[in-house]
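Residue numbers (this note's numbering), protein chains in the order written: chain U, 1 to 166; chain S, 1 to 259.
Because the hints were derived from the structure by calculation, they are not lab data. Just so it is clear, CB atoms sit at the ideal spot from N, CA and C, and this is done for glycine as well. Among the hints, erroneous ones may be present.
[Claimed, not checked] So these bits of chain S aren't anywhere near chain U, every CB distance computed over 10 Å:
id	residue
1	S90
2	N114
3	D170
4	F177
[Claimed, not checked] Which bits of chain S does chain U cover? Going by a derived footprint, with three or more residues having C-beta under 8 Å, they are:
id	region
5	66-78
6	116-122
7	148-162
[Stated by the list, open to error] Some chain S residues close to chain U (C-beta under 7 Å, calculated; not the full set):
id	residue
8	L47
9	T88
10	Y212
11	V214
Now for the letters of each chain:
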Amino acid sequence: MTDGAWPAEALTIMNQAGLEPAYAPLRWKVPRENLADHSTLAQRSAWDSGLGKLWDGVTETGEASSNTNESWVQFDLGADYERFAFTIQQDNCCTWMTTHWKVQRWSASQNAWIDIMPYQAINTAAPVVYRPPADLATTNIRLYVRNSNQNGRVGVHEFSATGVRK
Amino acid sequence: MCELTEVNKPRSSSELTHVRTELTNTRGITFTNNTVRRRGSGGLQLLTGAEDVAVSGNHFHNLTAAGVIAGRWMDVHVNGAQRTRNVTISNNVVADTGDDFFPATGISLMNTYNVAVTHNLVYDTAFMGFHQRKAEEYSLLDGVDGIGKTTFSHNEVYNATSNVSWGVHDSGAVYSFGSWPGSVVSHNYVHHATSTANYYSDNQSHQTRWDYNVGQGGRFDFSPVTASPCPCTRRTTTPTSPTTGSAGPSTTATGHRTW
Chain U
1 MTDGAWPAEA
11 LTIMNQAGLE
21 PAYAPLRWKV
31 PRENLADHST
41 LAQRSAWDSG
51 LGKLWDGVTE
61 TGEASSNTNE
71 SWVQFDLGAD
81 YERFAFTIQQ
91 DNCCTWMTTH
101 WKVQRWSASQ
111 NAWIDIMPYQ
121 AINTAAPVVY
131 RPPADLATTN
141 IRLYVRNSNQ
151 NGRVGVHEFS
161 ATGVRK
Chain S
1 MCELTEVNKP
11 RSSSELTHVR
21 TELTNTRGIT
31 FTNNTVRRRG
41 SGGLQLLTGA
51 EDVAVSGNHF
61 HNLTAAGVIA
71 GRWMDVHVNG
81 AQRTRNVTIS
91 NNVVADTGDD
101 FFPATGISLM
111 NTYNVAVTHN
121 LVYDTAFMGF
131 HQRKAEEYSL
141 LDGVDGIGKT
151 TFSHNEVYNA
161 TSNVSWGVHD
171 SGAVYSFGSW
181 PGSVVSHNYV
191 HHATSTANYY
201 SDNQSHQTRW
211 DYNVGQGGRF
221 DFSPVTASPC
231 PCTRRTTTPT
241 SPTTGSAGPS
251 TTATGHRTW
């Protein structure tokens with residue numbers, strides 16, 4: 001690749017792979033349990049190479065982490081969703097952990113990221129769920145996590161977002 | 001003779017049913033526009049003697065084993081009439097296999113002949129997304145009652161081999177083992193594979209062409225192992241991966257034998 005651009009030949013192969021146009025709607029028929037995963041990952045701040053642990057659905061594989069005290073990861077859901085539920089889980093222990101988290105949505109009309117919820121404190125290793133108003137709809141979400149402890153660094157075991165396509 | 005088998009057993013849990021759909025000694029079956037989900041087994045199994053079968057436009061998801069399994073492990077020596085052959089598997093979605101069975105793949109071929117797997121979307125599989133395997137590693141059964149002639153092309157595979165984090169290794173999103181003469185793997189797109197290998201031509205996988213496959217963020221692994229004596233000339237084509245894929249041997253990195 002040059003400057004992040006894919007060669008035209010590769011792009012053609014990529015675009016022609018997978019379901020043929022007549023079957024394209026099948027892609028969206030399999031219900032998705034977590035909207036925030038590798039397939040919707042859009043942008044991210046600096047994380048270590050294990051960011052996938054954030055959405056692998058199990059805590060036994062360890063935590064996604066970064067060497068900063070605040071990190072974010074952004075997901076493009078591909079369409080408007082509503083009736084969200086956001087769930088986060090961390091180990092509440094040691095250097096890498098999470099003391100606060102929040103989720104933002106992208107507002108096209110305001111051309112800005114808007115807090116769905118302001119930073120919330122976490123002080124448990126159990127899953128924590130936040131449900132915004134059911135009619136809140138968005139296509140893009142961004143998870144922020146922070147470790148406010150002295151010399152603290154970010155560590156998160158799991159994050160999931162569920163919702164219903166609008 | 002046509003045999004379509006649905007075996008119903010009591011539910012083992014509220015999540016999965018012990019149901020399986022099998023075709024044996026069957027000719028001319030079309031399996032299309034179905035949703036097959038939440039089974040404690042594979043989605044569709046084309047077993048001994050399944051011939052001239054078309055599988056298209058289906059959803060296979062949340063399964064213990066693979067979405068589509070063609071052929072049987074023990075059928076390596078069957079005669080031509082019993083060979084699972086002349087099958088097309090196209091425009092299907094296979095997703096979420098192996099939550100409770102780590103060797104679960106997306107689409108698997110075992111000792112088959114003339115199977116075309118095209119334009120499928122396969123993702124979130126515990127093990128390989130596409131997997132073909134000849135049962136006997138050291139018996140080069142090229143041409144014996146027909147094993148081979150697989151076409152795997154224009155498929156999209158992502159988040160295959162997702163159980164690597166559990167120590168399930170030696171795999172690739174698109175994987176071949178054994179000699180499959182006349183086979184072609186081309187024009188596929190693999191991305192977000194969790195294994196280090198997007199494409200993996202493993203032991204004895206000679207006589208398969210790997211052309212014009214695109215891989216994002218992973219390798220092309222090539223295990224240069226052939227049985228001895230080998231009656232044939234290696235004809236595996238150097239894969240063309242115009243982006244990030246590499247074609248070099250990686251036996252050291254993947255821990256495979258070389259001799």
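Status of the hints after comparison with the structure:
no.	hint	result
1	S90	violated, 8 Å
2	N114	holds, 21 Å
3	D170	holds, 19 Å
4	F177	holds, 23 Å
5	66-78	violated (count 0)
6	116-122	holds (count 3)
7	148-162	holds (count 6)
8	L47	violated, 26 Å
9	T88	violated, 13 Å
10	Y212	holds, 6 Å
11	V214	holds, 5 Å
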